[in-house]
Amino acid sequence: MGKIVKKELVNNVEKRVGDLVKENRLDLPKNYSLGNAMNSAWLKLQETKTKNKKPVLQACTKNSIANSLLDMAVQGLNPGKDQGYFLAYGNKLNFQRSYLGTVSVAKRVANIKDVVARVIYEGDDFKYSMQNGDISIEKHSQKFGNRKKENAIGAYCVIKFDDEREDYIELMTLDEIEDAWSQGQVFKKDKEQDYIPHSKFKTEMMKKTVTSRACKKYINSSNDNAVVAKAFNRSEINEAEQETEEEYQKANSQDIEDALEPDSVEDGYTNDQINFANKLLKSHVFDSDREEWEEKIEKTETKNGMSKLIKEINAELEDRKEAEKQEQEESQQEIPI
Amino acid sequence: MIDIIGSGSSGNCYWLEGEPPLLIEAGIAPKEIQIKKDFRLSQVGVCLVTHIHKDHCKYVHKLLDRGIDCYLTKEVKEDLGLSSHRTHLIEPLKRFKAKGWVITPFDVEHDTGNPLGFLIENNSEKIVYSGDTAFIKYKFQNLTRIMIECNWSEETYTSPLVQKKRLLKTHFNLDKVKDFLNSNNLDKVKEILLLHISSRNGDPEYFKKEIEKIVDKKIRVRYE
Chain Z
1 MGKIVKKELV
11 NNVEKRVGDL
21 VKENRLDLPK
31 NYSLGNAMNS
41 AWLKLQETKT
51 KNKKPVLQAC
61 TKNSIANSLL
71 DMAVQGLNPG
81 KDQGYFLAYG
91 NKLNFQRSYL
101 GTVSVAKRVA
111 NIKDVVARVI
121 YEGDDFKYSM
131 QNGDISIEKH
141 SQKFGNRKKE
151 NAIGAYCVIK
161 FDDEREDYIE
171 LMTLDEIEDA
181 WSQGQVFKKD
191 KEQDYIPHSK
201 FKTEMMKKTV
211 TSRACKKYIN
221 SSNDNAVVAK
231 AFNRSEINEA
241 EQETEEEYQK
251 ANSQDIEDAL
261 EPDSVEDGYT
271 NDQINFANKL
281 LKSHVFDSDR
291 EEWEEKIEKT
301 ETKNGMSKLI
311 KEINAELEDR
321 KEAEKQEQEE
331 SQQEIPI
Chain Y
1 MIDIIGSGSS
11 GNCYWLEGEP
21 PLLIEAGIAP
31 KEIQIKKDFR
41 LSQVGVCLVT
51 HIHKDHCKYV
61 HKLLDRGIDC
71 YLTKEVKEDL
81 GLSSHRTHLI
91 EPLKRFKAKG
101 WVITPFDVEH
111 DTGNPLGFLI
121 ENNSEKIVYS
131 GDTAFIKYKF
141 QNLTRIMIEC
151 NWSEETYTSP
161 LVQKKRLLKT
171 HFNLDKVKDF
181 LNSNNLDKVK
191 EILLLHISSR
201 NGDPEYFKKE
211 IEKIVDKKIR
221 VRYE
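Residue numbers (the working numbering), protein chains in the order written: chain Z, 1 to 337; chain Y, 1 to 224.
These aren't lab readings, by the way, just hints derived from the structure by calculation. Heads up, none of these hints are tricks.
A partial selection of chain Y residues facing chain Z, derived with a Cβ cut-off under 8 Å:
hint : residue
1    : 94
2    : 95
3    : 134
Counterexamples of contact, computed for chain Z against chain Y with all Cβ distances above 12 Å:
hint : residue
4    : 16
5    : 22
6    : 44
7    : 91
8    : 116
9    : 125
10   : 126
Taking lysine-lysine pairs in the BS3-like style, the calculated list, with each CA pair at most 25 Å apart, reads:
hint : chain 1 : residue 1 : chain 2 : residue 2
11   : Y       : 213       : Y       : 126
12   : Y       : 74        : Y       : 99
13   : Z       : 188       : Y       : 137
14   : Y       : 94        : Z       : 250
15   : Y       : 209       : Y       : 139
16   : Z       : 216       : Y       : 165
Each residue gets a CB set at the ideal place from its N, CA and C atoms; glycine is no exception.
Please construct the entire structure, taking both the sequences and the accompanying hints into account.
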């Protein structure tokens, strides 16, 4: 792969976007400067690296870089405004839209004036009604003290239009939101995971989820902008590909016999295993706690559990020997000559 | 040894010959199984179910009524509202014995609660069954037969692009099947069955040829 020249690549993408506009297949937003977006994209690209810490401009194919720039431009997004970012997997570069990007695309293709998301907390006075399938919120009042993330029970997103259409409201319970999160690889339902954004910034993530859902409805049903919708959906698939690719690193790796639960029903362990374990325990490094280990052997009932225990003893043995060796070396150094 | 009674979204059921015979999945009506297997259903001792999608578990209650012991997860039991004493709860990576068989369920990647695949052994056979999954985490030794989903491939994909997002996360594609075969030792494998091939996004003949290219000639590759 030769060196990728900015001018050539950017000209190419600009020309393709220009053609789409000329053929009336694409309306770029009035305040969108393709040149600015390209420049900030290029800055981002220069600092983006693949998983193996290689610059994407060297590692990814020219074609995929051009396509990701095109996806960005067609959706009228600017990575400098955090409306999306570039991600590589393998030698393929993707443009991934952020939540801000989703809102921006929706505003543009569906004449949306404003998008507001709110979280509903336990104890809020929240009343809504449904008519012909349209939800309208009759009342939502809140005590300031209710706003604790552990009290969040749901969220809604209000889409306000430029024309006289009624506001559109998307309403989701916490349960539904968590189901949506479970589709990804990070969040697992019913598990405590304090360290991930879904727990740490729970209410912000809830707003994002309900907003994306509301906006997607308008993007995919807007009829005038097939080109944008296509780019939009492609970026969804890219995201899925990205996630599966990361998960797939685990594939075909662990031997099933090593993975079994220790109390798995199976024929009992053989005497060979016990003899071997006891032989390991004879070493003087176990002098202090040999009885505890022997008790462990006694308690183990399956072949698989026993082979795990043997591994454990073996590791312990090596660790202790190593520690002993170091101690000796240190004590030797201390003797003055 | 293995009969495919049904494979695909319209219903899954596989018959493994043995003492007693074993069924994997309950997605085909007992009536149909009877016809395909010369009315031998009463000989079956064990039925294994992988997950709650209806093409895999629709007829569990009927098999239970016929006195067949069904092994399934808590999720399937709750979803189907089963209460028969012939339902046995199983968990991933907990090996169990069922009549003449030793079964090891393992966790797989599919969009439902606690989906499983199975490693199935008896005196002479060691068979892996993938279930519905995007890939398998584990490796296996001394397999004699491989029953693996091969749902779709990039080359034969024809559905609208939006649906690919789900497929990617839930069903084996040809490339990943190849990876699986390449990373396991196939010395003792006699047969590879390609299952659950999508009618829209798969091409059985093409998949068979592609797999035959990478495995030993003595291994028989087949689909339904």
